[in-house]
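Student: Single-letter residue listing:
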Amino acid sequence: MTAAAEGVPARRMTRARRNALLQSEPVQGFALISPTFLYALILLVLPILVVFAHSFWTQDYLTIDHTFTLENYRIALTEPIYRDLLWRSLYISLTVSFFTVILAYPIAYFISFHGGRHKSLWLFLITIPFWTSYLLRVMSWKVILGYNGVLNSGLMGLGIIDEPSTALLYNSSAVIITLTHAWAAFAILPIFVSLEKVDRTLVEAATDLGDGPLRSFLRVTLPLSVPGVISAALIVMIPTVGDYVTPKLVGGKDGVMIANAIQAQFGKASNWPLGAALSVTTMLVVSLMAGATVLIIRALQRLAR
Amino acid sequence: MTAMRRFFAGGWLTAYAFLYIVFLYLPVIFLPIFSINTAPTPKFPLTGYTLKWYQDLPKTPALLEAAWNSLIVGVSASVLATLLGILAARSITRYRYPGRRTINGLIMAPLVLPEIILAISMLLVMLQLGLSLSLFTVVLGHVLICIPYSMTVLTAGFEGFDRSLEEASADLGESAFGTFRRVTLPMVAPAIISSLLVCFTISLDEFVIAFFLTGTETTLPIYIWGQLRFAAKLPGVLALGTLLLLASFVLMTVAEVLRRRAARRTQNEGGLYA
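Protein chains in written order, with the numbering used here: chain A, 1 to 305; chain B, 306 to 579.
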């Protein structure tokens, strides 16, 4: 009896509480982001899970055999061709991220410390070439490095070489040069951001306490900008490992990378599970390499202090 | 004066900076140079000035179709990505809730994943779902990679935003939607337009994802990719490339100007009313 009588206000209270809950910050915030979140779940997380699942299956002509097997991973890791491609991709992406960071640091430093009023203009100048088509930028390197290309004809015109060099294009160095150019801006921005956060009074303090410009840079500025260096290295390393266009256009036979092998499995070779296993392996190995890079840079940072 | 002195203080750094700019721009500069050269192979010395490569472009039906397709994909992808970006950026900048950072990280993840992996994983799912590959699937893929850029532009635009303006509007009796439409939207409009332009530019230039997710239709980068196999077609490709370069340049400059205006507007007006 009493329970029934009390039921009404109780229900009203839960409704009030529910309304309060619906209007609370967390719920509103989550509701607002949920469409975008769902989109990322459906087109990013789900697809990666599907790739992961495929990597344990096998394909017989057009039908997928869903029995669990590690055969694809055995092939991906032991077949010389895939092993070599994976190593080369890792080597290229590591070299590219090393050079982009080394080349980008002075620029980021220059803009942050000497840019004055023109900081945003410099940043804009640097990012502009990167908003142009990636394909076109790679193509322009092909124009430069080619047999009849700009560099060869220029060097011949200057009398430095007698006949066009074939050593410039279609090898892994061409891939490294092109990628280093293509990813430059992506390395500059994170380093710039972390340099902006460096407290200038600390640098002044180091100078006041008798450190020369080089010493104060090495002991104050550089260690404090390490987070930017790390994110720059990663932001270049991870995507370049899976680059498809550059090796295909300027790599030739010696510059083929793992992405070209992955593409072949989804194209001509039509072996999805193997392609999936190659993708998963690439992601895992590049994550390991990224992790190792972070640890090494941090260790160097500790040494510098 | 002090600014000037500081500018020249890093003498060798300044020199390096200019060299670096040359390194960045040099390859890009060759496209327009060789696109108005009479010789069909791109090499020095230049042989003469011509516009014939440009004049041939409108006479290629396949190219016009690719351009039209790129326009459709670019507009759809930029509108969708910006809509999703607005919701997410607003949620991230306005509300605090558990899991916020994780969700943000997930939405930004396409920025640092190899494109080929995004492309093949989406391809697999779309084929499994029985979607036939078309421009629509390309749009779906482009939206995914545009959202992080849209988010970056929009969160920057939303962050300087003074919340007391919205509160004032609400206190004065405006509904939540009315506040958004009459207070929030006008202030963030430049950021939104900037996001649209950035996304359109990305979609216009994007190759790998379009290459994997399209059926028989081609977009401009796919068309260029096809032409690259023929050495004789190179000057035409260079001319087309120059036009695309110009389009990207104009779009990005407008986007940058708007982004700055957005930053100035949120700061100034916030200060005015504070």
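No wet-lab data here; the hints were simulated from the structure.
Quick caveat, the model's predicted, so the values are computed rather than measured.
There may be inaccurate statements among the hints.
Per the computed footprint, the stretches of chain A lying under chain B, defined by three or more beta-carbons under 8 Å from a beta-carbon of chain B, are [claimed, not checked]:
| # | region |
| --- | --- |
| 1 | 72–84 |
| 2 | 242–256 |
Quick list of in silico lysine-lysine cross-link-like pairs, BS3-like style, CA-CA up to 25 Å [what the hints assert, rightly or not]:
| # | chain 1 | residue 1 | chain 2 | residue 2 |
| --- | --- | --- | --- | --- |
| 3 | B | K538 | A | K248 |
| 4 | A | K253 | A | K268 |
| 5 | B | K538 | A | K253 |
| 6 | A | K248 | A | K119 |
| 7 | B | K364 | B | K538 |
| 8 | B | K357 | A | K142 |
| 9 | A | K119 | B | K538 |
C-beta: ideal position from N, C-alpha, C; glycine also.
Student: Does the alpha-carbon distance linking K538/B and K253/A stay inside the 25 Å limit?
Tutor: holds, 23 Å
Student: Sort out whether K538/B lies within 25 Å of K119/A, counting only the CA atoms.
Tutor: violated, 41 Å
Student: Compare the distance between the alpha carbons of K248/A and K119/A with 25 Å, and conclude whether the hinted pair is satisfied.
Tutor: violated, 37 Å
Student: Keeping to a limit of 25 Å between CA atoms, is the pair of K253/A and K268/A held or broken?
Tutor: Holds - the C-alpha atoms of K268/A and K253/A are around 18 Å apart, at most 25 Å.
Student: Given the proposed pairing of K364/B with K538/B, does the C-alpha separation stay at or below 25 Å?
Tutor: With Cα atoms ~14 Å apart, K364/B and K538/B stay inside 25 Å; holds.
Student: So if I understand the rule, the pair passes when the alpha-carbon distance is 25 Å or less; does K538/B with K248/A pass?
Tutor: The hint holds at about 18 Å.
Student: Can you confirm whether chain B covers the region 242–256 of chain A, using C-beta to C-beta distances below 8 Å and requiring at least three such residues?
Tutor: holds (count 5)
Student: When you check the alpha-carbon spacing of K357/B and K142/A, does it fall within 25 Å?
Tutor: holds, 23 Å
Student: Per the coverage rule (Cβ-Cβ under 8 Å, at least three residues), is the region 72–84 of chain A covered by chain B?
Tutor: violated (count 0)
Hint check: violations occur at hints 1, 6, 9; the rest are consistent with the structure.
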